[in-house]
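Chains as they are written, first to last, in full-length UniProt numbering: chain C, 1 to 353; chain S, 1 to 353.
Careful, some of the hints might be misleading.
Which copy is meant is left open, so a pair is good if it fits within one copy or across any two.
What the hints assert, rightly or not - Below, computed lysine-lysine pairings styled on DSSO-like, alpha-carbon distance capped at 27 Å:
{"no.": "1", "residue 1": "40", "residue 2": "53"}
{"no.": "2", "residue 1": "259", "residue 2": "53"}
{"no.": "3", "residue 1": "91", "residue 2": "258"}
Because the hints were derived from the structure by calculation, they are not lab data.
Number of protein chains: 2
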Amino acid sequence: MRLKKVRIVGSGLIGTSIGLGLVARNISVEMVDIDPRAQKLAQDLIGAPTPEKADLTILALPSSALSSVLNREYDLNPESKFIDIGSVKTKPVLDVERSQIPTGRFCPTHPMAGREIGGAESARGDLFAGRPWILCVQGVDADVVEAAKELVELLGAKAFEVDVDEHDMAVALISHLPQMVASLLAKQLNAGQSKWLALAGSGLRDTTRIAESDPILWSEIISENREKVLPLLETFAEDLSEVISNLRGSESTKTAIKKLIVDGNLGRSKIPGKHGGVARDYTLLPVVIEDKPGQLGLLFTECDKARVNIEDLAIEHTPGQFTGLITLSLSATDAQTLYEHLLGCGWNVHTPR
Amino acid sequence: MRLKKVRIVGSGLIGTSIGLGLVARNISVEMVDIDPRAQKLAQDLIGAPTPEKADLTILALPSSALSSVLNREYDLNPESKFIDIGSVKTKPVLDVERSQIPTGRFCPTHPMAGREIGGAESARGDLFAGRPWILCVQGVDADVVEAAKELVELLGAKAFEVDVDEHDMAVALISHLPQMVASLLAKQLNAGQSKWLALAGSGLRDTTRIAESDPILWSEIISENREKVLPLLETFAEDLSEVISNLRGSESTKTAIKKLIVDGNLGRSKIPGKHGGVARDYTLLPVVIEDKPGQLGLLFTECDKARVNIEDLAIEHTPGQFTGLITLSLSATDAQTLYEHLLGCGWNVHTPR
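Using the sequences and the hints, build the whole thing.
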């Protein structure tokens, strides 16, 4: 099949972004929202839909509101296929089981494109471009799975198939636990003096960045996935408690802390890099630049001339000063090539490592 | 006074970097190390010193080795001023009190320029450029403080005066606690499946980056500052325990989690940005680029043309795909200027936010 018309229930960031992406691919999109103003804004952004019934209904509303619309949507269009887009997958499945929608007609999905901006006005049609989009296809009718996959493809995302239970375990580990830990860490800063925080380096900044997340969205996600998040928090708490009792003792403190850091090194090394490689496979190339307009542009122009591919980049902040440290991540070969190239044209570049 | 000759005891990354920075300013530098190979490498890098006695001795060796050299260094050169460079300041002060060095002749200092690369071969003369350098001047003779400040200035760093006790409390909060938390978090990833980690976004990457730190260096730092780190870990553990018991309950879970995220928002907002402003003062400008060589160079060339200053930049990783999301941080005015400029030349740029 090819999708002709899609009905999107929920005109927030995700729903409207899906709508924008689909109309760009010539699919008719009908936007719905409990808030008439949001619905109108979204539909205005997207353009008027064709009059026929939708062949796919996307439930893009907060998880807590899902159960209230299922029967109505089914009554309106019993021939439609249904998917949701929530961050936790166990509860939507239960909600659908308790509704009139036959379970085979509903595919739980999760586009992994979260940002802390809300509303139709923040929507963009390419929000999902290149992002993973999880599909929980077990027990779902083949034509519904096909429609969900077509949607993912149309939006330029990449489909990953995972079971409902495994999905919720995975996101608990890679997303919900880090969120809780970052918020707990950032909370501790409230007890510190401002002048101490002025000394903070990129380590503190990085570890607390996601502590900027939206409280309403995240309190819903965490409480909904509490069954999977709890054991992870408990294990974390046990490990922390062991660290504390080792620090209270005096004998084996150093050995215990060293083991913790080694365990952390190992866990960190398991996060894959950009194209499926392991993060630590990259070689780091430090370049000291003057902190003024144009320097980064010149640097990347040289990268282009050297025909190397920059995998990632970090800028070291320098309070009150006008030099900056750029650390480029490249393949070992590209790092050596770029090092020699930059040295040759007088850049303040340091040995790759 | 102006420094003429400096003796640096310890030819690792910090000691050798100080040496390189000083010879570049025409100061004679004598490198010392317990390892003759390291000493020779460092001295070769820096060049032969003049024969006179040093007016400043910098103790740039691991904190655990400090006490073993104090009396020898004092006997060799009782007229010298002394400073150290350790990450924790209480213990060096105690070590000096137990040595022949008069306490007023020793200034505890801490250059905040840590990286996880070791050895003289990684040294660079500009390691401290623009970085904070903490001086604990209480009870230190004026001429010793003056020499320490001159050193900081010569190396392009920025002096901050903090008491010994306050220093150790501050670094416990802004550096040692985040290190422990990041290592504990990264450790949890060892229990996850590899395919789950392939779905990880920048949140997990950022929160665990410093979990790559060196185990030997950090086990020494943490155990030495245990008195200041312990209460912070204990408060963190209490907060975590409260979160866990809220998640185990069913009544007030959402409210409690929401409060935690709000507290985290607040703590995070206290970290100042690059030039003393608050981190959230920057406006974010998302640009979608094709993930191929040259794109970043072209983008920054346009930034240059638009005469805007990029304060920071993030690259969104996209497993197995060839589009990338670049998020630029700029002032609100620069963001609007660049937005219009990039739109005008056909870039896939999104509304500043």
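Each hint, compared with the structure:
Proximity of residue 40 and residue 53 under a CA criterion of 27 Å is satisfied intra-copy only: 19 Å inside one chain copy versus 81 Å between copies. For a Cα distance limit of 27 Å, the shortest separation of residue 259 from residue 53 qualifies neither inside one copy, at 60 Å, nor across copies, at 43 Å. Taking the shortest alpha-carbon separations for residue 91 and residue 258, only the inter-copy value of 20 Å comes in at or below 27 Å, while the best intra-copy value is 41 Å.
The structure does not agree with numbered hint 2 stated previously, though it agrees with all others.
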